[in-house]
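Chain Z is fixed; fit chain D onto it per the hints.
Chains Z and D supply the protein sequences, listed in that same order.
The first sequence begins at 1 in full-length UniProt numbering and counts up one residue at a time.
The second sequence begins at 1 in full-length UniProt numbering and counts up one residue at a time.
Derived by calculation from the structure, the hints in this document are not laboratory data.
Keep in mind that a hint or two might mislead.
Because identical chains share one entry, a pair is satisfied inside a single copy or across any pair of copies.
Claimed, not checked - Calculated cross-link-like contacts (lysine-lysine; reagent style PhoX-like; alpha-carbon spacing at most 25 Å):
1) Lys404 - Lys139
2) Lys678 - Lys277
3) Lys540 - Lys319
4) Lys637 - Lys234
Number of protein chains: 2
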Amino acid sequence: MLKEVLLGLLTGAVALTVGILLGHFAINKGTSEPEWVQDASQDVDEGIIKKLLEELDNIQIQENLRELTKVPHMATTPGDEATVEFMLKRWRDPETGLDNAWREDYNVYLSFPNKANPNKVTVVDPSDKVLFTVREREKAYYPEQDDPEVVQPYAAYSPAGNAKGKLVYANQGKMSDYALLNATVDLRGTIAITRYGGEGRSGKAINAEKYGVVGVLVYTDPNDINDGISDESKTYPHSWYLPPSGVERGSYNIDFGDLLTPYLAAKEDTYRIPKEKIRGIPPIPTQPIGFEDAYALICELDGTDAPAAWQGGFNCTYKFGGPGFKSTSHFNSSDVQLNIYNSEEIKPSANVMGIIRGSVEPDRYVIYGNHRDSWVHGAIDPSSGTAVMLEITRVLGTMVKEGKWRPRRSIIFGSWGAEEFGLIGSAEYTEEYFSKLSERTVAYINVDISVFANATLRASGSPSTQGVLFTASKQVGAPGTTVSVYDNWIKYYNRSSPNYGLIPNVGFLTGAGSDYAPFIHYLGITSMDISYYYDRSQTKARIYPAYHTAYDTFDYASKYIDPGFTSHQAVARTAGNVLVRLADSLLLPLNCSDYAESLEQYLDEAVKAFEAKLINIGISMDSLKNAVQLFRKSATKLDAVIRDSNLAKETPLKARRINDQLMLLDRAFLDPLAFPEKYAFRHVIWASKSSGVPTFPGLADAVEKAEGTGLKADWEQAHKHLSIVTQAIAGAAHTLDDVI
Amino acid sequence: MLKEVLLGLLTGAVALTVGILLGHFAINKGTSEPEWVQDASQDVDEGIIKKLLEELDNIQIQENLRELTKVPHMATTPGDEATVEFMLKRWRDPETGLDNAWREDYNVYLSFPNKANPNKVTVVDPSDKVLFTVREREKAYYPEQDDPEVVQPYAAYSPAGNAKGKLVYANQGKMSDYALLNATVDLRGTIAITRYGGEGRSGKAINAEKYGVVGVLVYTDPNDINDGISDESKTYPHSWYLPPSGVERGSYNIDFGDLLTPYLAAKEDTYRIPKEKIRGIPPIPTQPIGFEDAYALICELDGTDAPAAWQGGFNCTYKFGGPGFKSTSHFNSSDVQLNIYNSEEIKPSANVMGIIRGSVEPDRYVIYGNHRDSWVHGAIDPSSGTAVMLEITRVLGTMVKEGKWRPRRSIIFGSWGAEEFGLIGSAEYTEEYFSKLSERTVAYINVDISVFANATLRASGSPSTQGVLFTASKQVGAPGTTVSVYDNWIKYYNRSSPNYGLIPNVGFLTGAGSDYAPFIHYLGITSMDISYYYDRSQTKARIYPAYHTAYDTFDYASKYIDPGFTSHQAVARTAGNVLVRLADSLLLPLNCSDYAESLEQYLDEAVKAFEAKLINIGISMDSLKNAVQLFRKSATKLDAVIRDSNLAKETPLKARRINDQLMLLDRAFLDPLAFPEKYAFRHVIWASKSSGVPTFPGLADAVEKAEGTGLKADWEQAHKHLSIVTQAIAGAAHTLDDVI
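Isolated chain Z (complex conformation) (with noise of 0.2 Å):
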């Protein structure tokens, strides 16, 4: 009986167990966890970040850049269509290819030289005779600078005409420039030859026609370009500097996007505004050109010395007034003629466009660009950054093929079109996809010119993408050294943050100098443009010096920017890894606290400059005071609910809806009529100024107007911006604080 009972006992037991283990795991509970909330609460696999670091190829990048500067490849020409198929392929490469690839093309307004009537420069004496003529092409070192499809150094948008006068040196071409000189010359019916730099190009054309200037010649100086070199021994082919007969091509706009076109994009039967309506352009023939012919026309000036901040780099004093030349010059009682056969055509220009669609959140963008389209081979301007960009897009999409990845959120590649021209692809993109983008966008990342110089990072963005470059600037390597990008970086260019101590200084995206533009300030979308940079103790070059010349080739790029190119590697790891992060993070990695100690700094750097000025004349600064202050703290209560959640076990619309704060951060600060004399600057905090005093643009530029003027209408204004920012920044704060 004791064996049956065991029998029975053990017979029960097993049945127990079969049970309990049946019960257990072959039944489906209804509750069970659902697949997707495991993916939900996913966050960025550092494994992934690794690889890619470690896929992230320099080679790679030399051979894209070899094949994206064969040929010149300007907006709209064969060779930008090349380049447009070349993306194609790549993008839908089936193995290393994106999810989908496509161009979206604009149709939009150009403006070009005449291949078969080349815009002129002579000096001719008073029987018409020329003396002198302006070369029209730069000299050939390679056979490169010899293509065809070189265009002629040209200022775009410039008008056609011509214009002859006494010629005279004008410095930048500043109002200051024109007005101090103006003072002792009259300018009326004279040719000015103005110096690149300290104004935009089209400036110095606009400012010279208030006061009677009929044609304007811009250059580049040996010292603002080449640390003073000019001896054609020691520039280009022998180093980067610019050889004598370089001229740096150019857009002479001030707005960007189509221009015929504002706020609308460019499609084939979208109403265009009339020519003459168009603002921001030459109103007199304009025409760049190299040293070598400055040299030969400023140093034959009459006229008394220039002052010391007018000096340049040749091997003469530059004069003040004259007009036109010294007695003593074989041009003497000669004047400057200027013959220009530019003309407008509207050409389609394509954006190539590619996605990887994102597996939890779709419906989020981390959008990447460059433009695609150069002045001749653009092998640093803007190649490098493509090149870039297409390792980055080779080491994802093949992860993506094989599919060992796929982002949480969506990832947009943007090569865009025509930038050189005015940013147009960008910005006809932004306008045509307006609510789409603004509604959905992360960030924008732009890398334009990857490697200006093989120093160190440089990157600038809004405040809240600082702790994301840190983040990924730690991981890489530094080439050359033996630290890290960010350790690197902390070296040549830093500042001591009260929070964090000394750190590397993120820049801030005030101008519209790439593509970036019209996503942070006419979108409000949170952006960065990184690149590797100077050491400025080696260099006092505005720019690196082949920029926009025939001189910029692949060539130029592998023996003197960049040999080995590992920093476009630093770079693409770099960018890579942001995006990354930005496309993976549970939480964004986008810090709100940070933008508050940007803000308090600009609210300082107010306070010093204009609070006592706005006193005087009954302006309370205390509101614009209170909102920053507002701002800090809805700042820290978010990072403390931050600080206080698991979003990976709490429902994923917590995290979206702390992302979608952190997310539409920037867009907060849009205000649409702020600036109504400024294309499409939207964004109080970061618009363009022309005021030297770093702080809020809108402030800043009123409260100065007013000074200048005394004008009570004036101070009205200056009292109006500073309601407007503090509206903007209280506004922005409310969306930080709890939600309800």
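Chain D in isolation, oriented as in the chain Z frame:
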């Protein structure tokens, strides 16, 4: 042995069963469903809707109204302050109140008459002897009208000043009226008497001034308000009609919001424009009067017979011209004199805010609002709406306090101040919290005058709200009938929908008649305006006759507008139902395909009215047609995504994604630069317009202007507006399309 075996088997079977049960229920699976999964997938609870409808009580509404209308409560008066306290008390009630309630004050620019020195309108003979004086107060039928707090009838924002001149009758004071009159009468130096209707209040004076008119009187013609009845024995208190001495007060301004702080919330330190820069207010003294006095003046006028369209309800022929009184009149050769003593003041005005925090998506807001200020006792305008709002908050608040319910999304209630002076409280609120509200608001429900009359529901709103308005109105019984509010509504106001056949007609929110304006036009927030309304076969009154007079009292409302308060209750039930559905539905009840239908309707009208004219001038409407087609296609696609989803089972981020698309749809139509001349109108589909064609406002106005002038520049503006609306519709379509 069999027994043992059987016993053993039984033991085993029992043990197995126990084991299975233990295994299934007693051992917690590591991957069991987190608690929030259930919450996140919760849909609207029809039981809660049912309970809400049951609890909303007509007698409670009646008592709310009695309390709210005890004293006159014009903005910023002691009576207004008493209603602030009353709202706060109710919303802070521990048993029936909301989660939180508070007041927010703005310092707003208002205009009042002078109690010590009332405005005067007199007829004076050439020796300045006063022959006739217009009454300064309305006749008292009850002590209410004698309350010293009843403000003298006046035209808010009319300037103070004295004007004297010959009287002319100018119909409705439209530009065309003055133009016609001016063709035979020299209007310079005259006083114009105009009737309400046909032109905005201040427009009557602004137009007049252009013709040299020096003062304006405005009265309510018995034909326009009383179905022709003017006999005192047939007007209130004998019927709902306006007594002969009744005067419609009103705010004489065009722009909404505080007039001194455009686009800025009117805080203490906010910049204020100089008073001279205020636009849209009367440039000349203006005063409203009753028809009793208007009769005494108009029927004495000289001139030929006025056109038929100018005739009104008096038993005399309205005359055209003069100017001045007829020679047989006792007023012969007399002038009319206006002595206006209005003055402007900046005063603190309160919004009262109350909230219920959302449980799942607290960062999504459904806003429900109405203004609190009246002109006098304001029983109908606005207290009928406030009485309804308080009943809704009582019922919802009680459920919250009892722990029976909490909405998925947050609900914000707003009791706006100073609406009568130009939607000031709501406008300042949207300016101060612009970003937060833009990012998070699902919809705004406005119930101002909740009952104009007791015949039928009337609703206006974004097209996407049609479905939820129908769902709600089908669940509510129409008072005095055996059918639903929906079935009753369709009898009075209907249209034929290509998709649904005959349905009730939901109007469009194209004007700025109440506090929905800053939400829909400035912020692009999907909005609704809900009320009970007239049987148009019974009355042609412009509006309920006691509107803005001292007769708009509890007595009037309870006797002649809604005896028994059952229409109030029907509005409470319908609007409350809509509110809870918007707050609780897993999928937002906003339909994008219904929006497509409205755009198609507008397109048809535009093509019919304008295409031939545009083609004639070389402008194609094809891109607009394509944009509307694209919108339809994208809406159909999103509807298919919704249909193919099981949102309760999928990641909550999917419902959130789709809901964001629906929530932000109206936002996509905003263009802050489309209508620079129309303050805060940014919605390119619903902005106000002067054209009578029911279509896209910018296009319609621009084409009509161009037709009138024939100027090339005006046709270019028409093309521009065509491009603006095309881009807005295409841009909105992109937001409905695949998210990536």
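Taking the hints in turn, this is what the structure says about them:
Proximity of lysine 404 and lysine 139 under a CA criterion of 25 Å is satisfied in neither setting, with 51 Å inside one chain copy and 84 Å between copies. Within a single copy, lysine 678 and lysine 277 get their C-alpha atoms as close as 15 Å, and across copies as close as 23 Å, so both meet the 25 Å cut-off. Taking the closest pair of Cα atoms, lysine 540 and lysine 319 come within 25 Å of each other only inside a single copy of the chain (24 Å); across copies the shortest separation is 84 Å, beyond that limit. In the homo-oligomer, the alpha carbons of lysine 637 and lysine 234 never lie at most 25 Å apart, since the shortest distance is 59 Å inside one protomer and 64 Å across protomers.
Hint check: violations occur at hints 1 and 4; the rest are consistent with the structure.
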